[in-house]
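A.B. asks: Order-wise, the sequence lines are chains A and B.
Letter by letter, the first sequence follows residues 0 to 249 in numbering that gives the first Met the number 0.
Letter by letter, the second sequence follows residues 0 to 311 in numbering that gives the first Met the number 0.
Keep in mind the hints are simulated off the structure, nothing from the lab.
There's no promise every hint is true.
To be verified - Only part of the chain A face toward chain B is listed, based on derived beta-carbon distances under 7 Å:
id, residue
1, I46
2, Y49
3, P53
4, G98
5, Y101
6, G138
7, V139
8, Y151
9, L155
10, G194
11, Q201
Unchecked claim - The calculated DSSO-like cross-link candidates involving lysine-lysine, where the alpha carbons are at most 30 Å apart (straight line), are:
id, chain 1, residue 1, chain 2, residue 2
12, A, K120, A, K149
13, B, K33, A, K204
14, B, K33, A, K120
15, A, K10, A, K120
16, B, K219, A, K5
Just so it is clear, the structure is predicted and the values come from calculations on it, not from any experiment.
For every residue, glycine included, the Cβ atom is placed at its ideal position computed from N, Cα and C.
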Amino acid sequence: MTCLPKNPSAKKLGLVIDLDICVGCHACAVNCKEWNAAGQMAPLTDIDPYGAEPDGVWFNRIHTFEAVDSESGISRTVHFPKSCLHCEDAPCVTVCPTGASYKREEDGIVLVNTDICIGCKLCSWACPYGAREYDEDEGVMKKCTLCIDKIYNENLPQESRVPACVSTCPSGARSFGDLGDPKSDVSKLVAARKGYDLMPEQATKPVNKYLPPRPKRVGNATAPRLLEHKDDSSDGAGLLARWVDRILTA
Amino acid sequence: MHPAKSVIFFTTATGAGYGLLFWLGVLAHRGLIKADFKFGLVVFAIAFALVIAGLLASTLHLGRPSRAWRALSQWRSSWLSREGVLAILTFIPTGLFALAWVILGDNTGIFAWIGLIGAVFSLVTVYTTSMIYRSLKAIPAWATGWTSPGYLLMSLTSGGLLISFMAAIGGYWPAVDWLVLPILFFLACGFVIKLSYWSIIDRPMASSAETATGLGEFGKVRLIESPHDQPNYLLKEMGFKIARKHSKKLRRIALICGFLLPFVLIIGQWQLPSLAVYFLGVAVVVTMAGLIVERWLFFAEAKHVVTLYYDT
Numbered sequence: 000m001t002c003l004p005k006n007p008s009a010k011k012l013g014l015v016i017d018l019d020i021c022v023g024c025h026a027c028a029v030n031c032k033e034w035n036a037a038g039q040m041a042p043l044t045d046i047d048p049y050g051a052e053p054d055g056v057w058f059n060r061i062h063t064f065e066a067v068d069s070e071s072g073i074s075r076t077v078h079f080p081k082s083c084l085h086c087e088d089a090p091c092v093t094v095c096p097t098g099a100s101y102k103r104e105e106d107g108i109v110l111v112n113t114d115i116c117i118g119c120k121l122c123s124w125a126c127p128y129g130a131r132e133y134d135e136d137e138g139v140m141k142k143c144t145l146c147i148d149k150i151y152n153e154n155l156p157q158e159s160r161v162p163a164c165v166s167t168c169p170s171g172a173r174s175f176g177d178l179g180d181p182k183s184d185v186s187k188l189v190a191a192r193k194g195y196d197l198m199p200e201q202a203t204k205p206v207n208k209y210l211p212p213r214p215k216r217v218g219n220a221t222a223p224r225l226l227e228h229k230d231d232s233s234d235g236a237g238l239l240a241r242w243v244d245r246i247l248t249a
Numbered sequence: 000m001h002p003a004k005s006v007i008f009f010t011t012a013t014g015a016g017y018g019l020l021f022w023l024g025v026l027a028h029r030g031l032i033k034a035d036f037k038f039g040l041v042v043f044a045i046a047f048a049l050v051i052a053g054l055l056a057s058t059l060h061l062g063r064p065s066r067a068w069r070a071l072s073q074w075r076s077s078w079l080s081r082e083g084v085l086a087i088l089t090f091i092p093t094g095l096f097a098l099a100w101v102i103l104g105d106n107t108g109i110f111a112w113i114g115l116i117g118a119v120f121s122l123v124t125v126y127t128t129s130m131i132y133r134s135l136k137a138i139p140a141w142a143t144g145w146t147s148p149g150y151l152l153m154s155l156t157s158g159g160l161l162i163s164f165m166a167a168i169g170g171y172w173p174a175v176d177w178l179v180l181p182i183l184f185f186l187a188c189g190f191v192i193k194l195s196y197w198s199i200i201d202r203p204m205a206s207s208a209e210t211a212t213g214l215g216e217f218g219k220v221r222l223i224e225s226p227h228d229q230p231n232y233l234l235k236e237m238g239f240k241i242a243r244k245h246s247k248k249l250r251r252i253a254l255i256c257g258f259l260l261p262f263v264l265i266i267g268q269w270q271l272p273s274l275a276v277y278f279l280g281v282a283v284v285v286t287m288a289g290l291i292v293e294r295w296l297f298f299a300e301a302k303h304v305v306t307l308y309y310d311t
């Protein structure tokens, strides 16, 4: 059923991506591919993987942008991971003619039922964020599942029940949680850091939020002194050391 | 957007086919064409061939054509689904109308009314086709108020020129004469609507690399490292760039062939009835050529907002 849920639960599972921390290592994309190539959406077909023009299904892409302030000339380099935002008003869901595309009532995750998808690609046209991927080999659309087969997997230890991109991030730039609950850690993080929506003018109400880079230090931008304990005096040293110090200083 | 041949053929062929069915219904209702067997057989064969070939072309571009029937289920939310349902429903009145015309030799009374219902259904189907594109906010060029009027008018003009040409061959001169004014009117409207459409899509989009990344507060945003060094599905499907290079010339060709030349040729055949068949034959050919260019531009010029993440 491709109407959006009439009575969505308050639960909105999603990601918070901290652009201040991301180092652009692509580990999230790689671990996403690794997990999902064997998960709910498997396989994630690659076409010509070792050839001159490799192509394939990936749910996570890391762009690197530069923002330059025209007045000050100060530039920022920002690594920018992008995956499905599991929008509240997901346009990819309502355009689907078959009912293959749907938004889960219980947690808001947007999924594709690849058993009934006809591969018309209209959902990929409707998504402003490029979250939909076409599997040429299978003739159906695929997308990020928020690792639904990992986050609810009772065979895994509790700390592993987060999306693959989150568990693998070496810098801790990705957080996972319930963005519908204002008391959750992710919601507090978004509130504290002024998390924002991508392309709000598209009115898709993304669940995933992005945290902006922290302000750059301007002016006397020397590195902080780390050697606060620099040894100038012999106060507090042992008796022998103080005696040697006095002789050599004299 | 990538201008797929199957989708260009689908929209232009079904547009012309439904336009033809619309005018057949109207002409029968006004009693301007009698239910001649040979004439009916040829025009309905052409109309249904255009519609069915177009619809089949649209299913052939699917990843899983054998599952196409599933597309009829989500008419509550999806314009693509509505289009499929309407296309099938339209076969009922137009099919009955065609059978009555060809087999019973009757297109008057109740059958004329069925023809008129078929005419309405034909236009509604064209409208649903246009709404598939109109409803996509992520492609701002399509999400304008001019998209649907454009599709409807071009269906009316291409179908109208086809029926005029065939009515001229069949010797139904009152029908040919009656069609002159509405076709001229719709050609003029189509011309104005395409100009308005292009002036709207030439304006900058509301979305930008700054809103797409949310980094606008730090300054002008540009991509310095792509996520992948080969084009992926997104870039192949949405990142089409050739059109913008030739768009001025192609727009001129679309306007001249799609609207201006047929306008002149219609007036020409009106003034020189002895040459009407030739004038109308040429008009049909140039119009279809013009509309194919127009439709190619409709896809190729439309920029998807996802390309903002790729600096294309």
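A.B. asks: Mind listing which of the numbered hints don't hold for this structure, in increasing order?
C.D. replies: 1, 2, 5, 8, 9, 10, 13, 14, 16
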